[in-house]
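For this one, chain A is given, so just place chain B on it according to the hints.
Single-letter residue listing:
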Amino acid sequence: MKGLEIKNITKTFGRTKALDNVSLVLPAGKIYGLLGRNGAGKSTLLHIATNRLFADQGAIFIDGETVVENDSATGKVYLMSTQNLYPENMKVKRAFKEGKFFYPGFDEGAACQMAAEFKLDTGKKIKNLSTGYQSLFKLIMAIASNAPYLFLDEPVLGLDANNRKSIYQKLLEKYAQTGCTMILSTHIIEEVAGMIEEIIILHDGKVLRQAAVEDLLAGHYQIAGPEEAMQAYLADKSVLHTQTFGQLLTATVEGEPGPYPDSLSVSRPELQDLFIEITNEKERSQS
Amino acid sequence: MKITDDGNKPIFVQIQEGIEDMILSGSFPEETQIPSTTEISTNYRINPATALKGINLLVDGGILYKKRGIGVFVKEGAVHVLSQKRRQSFGEDYVAPMVAEARRLAITEPELIKMIQKGYEK
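Those protein sequence lines, which keep their order, are chains A and B. Using our numbering, you'd call the opening residue of the first sequence number 1 and step up by one each time. Using our numbering, you'd call the opening residue of the second sequence number 1 and step up by one each time.
Mixed in with the good hints, there may be bad ones.
[What the hints assert, rightly or not] The calculated lysine-lysine pairs, modelled on DSS-like cross-linking and capped at a C-alpha distance of 27 angstroms, are:
| # | chain 1 | residue 1 | chain 2 | residue 2 |
| --- | --- | --- | --- | --- |
| 1 | B | K9 | A | K165 |
| 2 | B | K2 | B | K53 |
| 3 | A | K237 | B | K9 |
| 4 | A | K30 | B | K66 |
| 5 | A | K124 | A | K165 |
| 6 | A | K7 | A | K17 |
| 7 | A | K170 | A | K124 |
| 8 | B | K53 | B | K85 |
| 9 | A | K165 | B | K2 |
| 10 | B | K53 | A | K170 |
| 11 | B | K66 | B | K53 |
| 12 | A | K174 | B | K67 |
| 13 | A | K125 | A | K165 |
| 14 | A | K2 | B | K53 |
| 15 | A | K76 | A | K174 |
| 16 | A | K170 | B | K2 |
| 17 | B | K9 | A | K30 |
| 18 | A | K170 | A | K97 |
| 19 | A | K174 | B | K2 |
| 20 | A | K91 | A | K174 |
| 21 | B | K53 | A | K174 |
| 22 | B | K53 | A | K165 |
| 23 | A | K7 | A | K206 |
| 24 | A | K165 | A | K119 |
| 25 | A | K30 | B | K53 |
| 26 | A | K174 | B | K66 |
| 27 | A | K124 | A | K97 |
| 28 | A | K170 | A | K100 |
| 29 | B | K2 | A | K30 |
[Unchecked claim] Simulated DEER-style distance windows between Cβ atoms:
| # | chain 1 | residue 1 | chain 2 | residue 2 | range |
| --- | --- | --- | --- | --- | --- |
| 30 | B | T32 | A | A229 | 45 to 53 angstroms |
| 31 | B | A49 | A | P261 | 34 to 42 angstroms |
| 32 | B | T32 | A | D56 | 58 to 66 angstroms |
| 33 | B | P110 | A | P261 | 25 to 33 angstroms |
FYI, nobody ran anything at the bench for these hints, they're computed from the structure. Glycine included, each C-beta is placed from N, C-alpha and C at the ideal position.
For reference, chain A alone in the conformation it holds in the complex (with noise of 0.2 angstroms):
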């Protein structure tokens, strides 16, 4: 299969399953959003995907073809990763010279020309680049590589509103050019909602659901009214969360909303407010 495939993966840290038996198919070509809250397991599943962290059981392909100390499989993928893996001096402007030497594809002169339009000083050694432009910095390593595979894990760390926009743009023109398949893994689920196609849900190292993100979002209602007519509407239903507020009670509702009184009114979740409820009653039932 033309993918990424995960099959059972296990991983512990001393006391801590990071991930319990994760089991994942991703269709090459899709953009795919990585959700979970903090400790979900995002990275470390994207580290062990791209061979940098090894699994203590279950296997990952990416096309077919096993990651584990196989260049053919992760010289297809660039992991943009919060940690900072280039060697301690080095310059922006030498891990540009550097890139094709690991990337078979990468574009010296479009990384470079990013730079400039980024003004990130490509004469500043990595370690000593603020967050953000660490950030813009491994950004423009990831789309001037030209690699298939994109994994993002917090691709937008410490930029600005500006800068989140450009990248944004600048990362859907390359999947629009190459048609590379691209996780991002970010906590800023309102700003990457309307370009992921596939939504995956980590929760404790399992994978609370994964679809596409149309199909969730219409899955899902949110209805709100007087509390009594509420009550009666919602006995019945397959109820993810309500809140009130005064006599106003809002309910986030698995299904159809099929028919109901005038009092109340019916709008769509948005994606970001699916995703705290989603987690949040997990947690609650695990409680």
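Same frame as chain A, but now just chain B:
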């Protein structure tokens, strides 16, 4: 056109209606090319597949047409078709919610009609 994630309408529907608005306002005149899927995608920061879905609804509805290898164009007569369509859905889109709100506020039918007449006088 403004694309929001605050619900009520899927993004592909917002794209469809946004393009319709621009055709009706003359921003996208008949027989001219509209921006490409990639331009729409990057401009509004949405997935190109979503942009394409919105465009395809308009192609299927006879508002836009594709010129192979060139791009997507506004069909001749699109403005007329769209205004007919909007006239047909005017009741559902504007009158129904207005009447519902009038009922909540106990505004009677004659009172509402008077208000509408006043609106026309402006």
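For each hint, the structure was consulted:
no., hint, result
1, B:K9 x A:K165, "23 angstroms, holds"
2, B:K2 x B:K53, "17 angstroms, holds"
3, A:K237 x B:K9, "23 angstroms, holds"
4, A:K30 x B:K66, "24 angstroms, holds"
5, A:K124 x A:K165, "24 angstroms, holds"
6, A:K7 x A:K17, "16 angstroms, holds"
7, A:K170 x A:K124, "23 angstroms, holds"
8, B:K53 x B:K85, "20 angstroms, holds"
9, A:K165 x B:K2, "15 angstroms, holds"
10, B:K53 x A:K170, "21 angstroms, holds"
11, B:K66 x B:K53, "14 angstroms, holds"
12, A:K174 x B:K67, "24 angstroms, holds"
13, A:K125 x A:K165, "26 angstroms, holds"
14, A:K2 x B:K53, "24 angstroms, holds"
15, A:K76 x A:K174, "15 angstroms, holds"
16, A:K170 x B:K2, "20 angstroms, holds"
17, B:K9 x A:K30, "23 angstroms, holds"
18, A:K170 x A:K97, "21 angstroms, holds"
19, A:K174 x B:K2, "23 angstroms, holds"
20, A:K91 x A:K174, "25 angstroms, holds"
21, B:K53 x A:K174, "20 angstroms, holds"
22, B:K53 x A:K165, "23 angstroms, holds"
23, A:K7 x A:K206, "13 angstroms, holds"
24, A:K165 x A:K119, "15 angstroms, holds"
25, A:K30 x B:K53, "15 angstroms, holds"
26, A:K174 x B:K66, "24 angstroms, holds"
27, A:K124 x A:K97, "14 angstroms, holds"
28, A:K170 x A:K100, "20 angstroms, holds"
29, B:K2 x A:K30, "24 angstroms, holds"
30, B:T32 x A:A229: 45 to 53 angstroms, "50 angstroms, holds"
31, B:A49 x A:P261: 34 to 42 angstroms, "37 angstroms, holds"
32, B:T32 x A:D56: 58 to 66 angstroms, "60 angstroms, holds"
33, B:P110 x A:P261: 25 to 33 angstroms, "27 angstroms, holds"
Every hint, counting from the list given before, is met by this structure.
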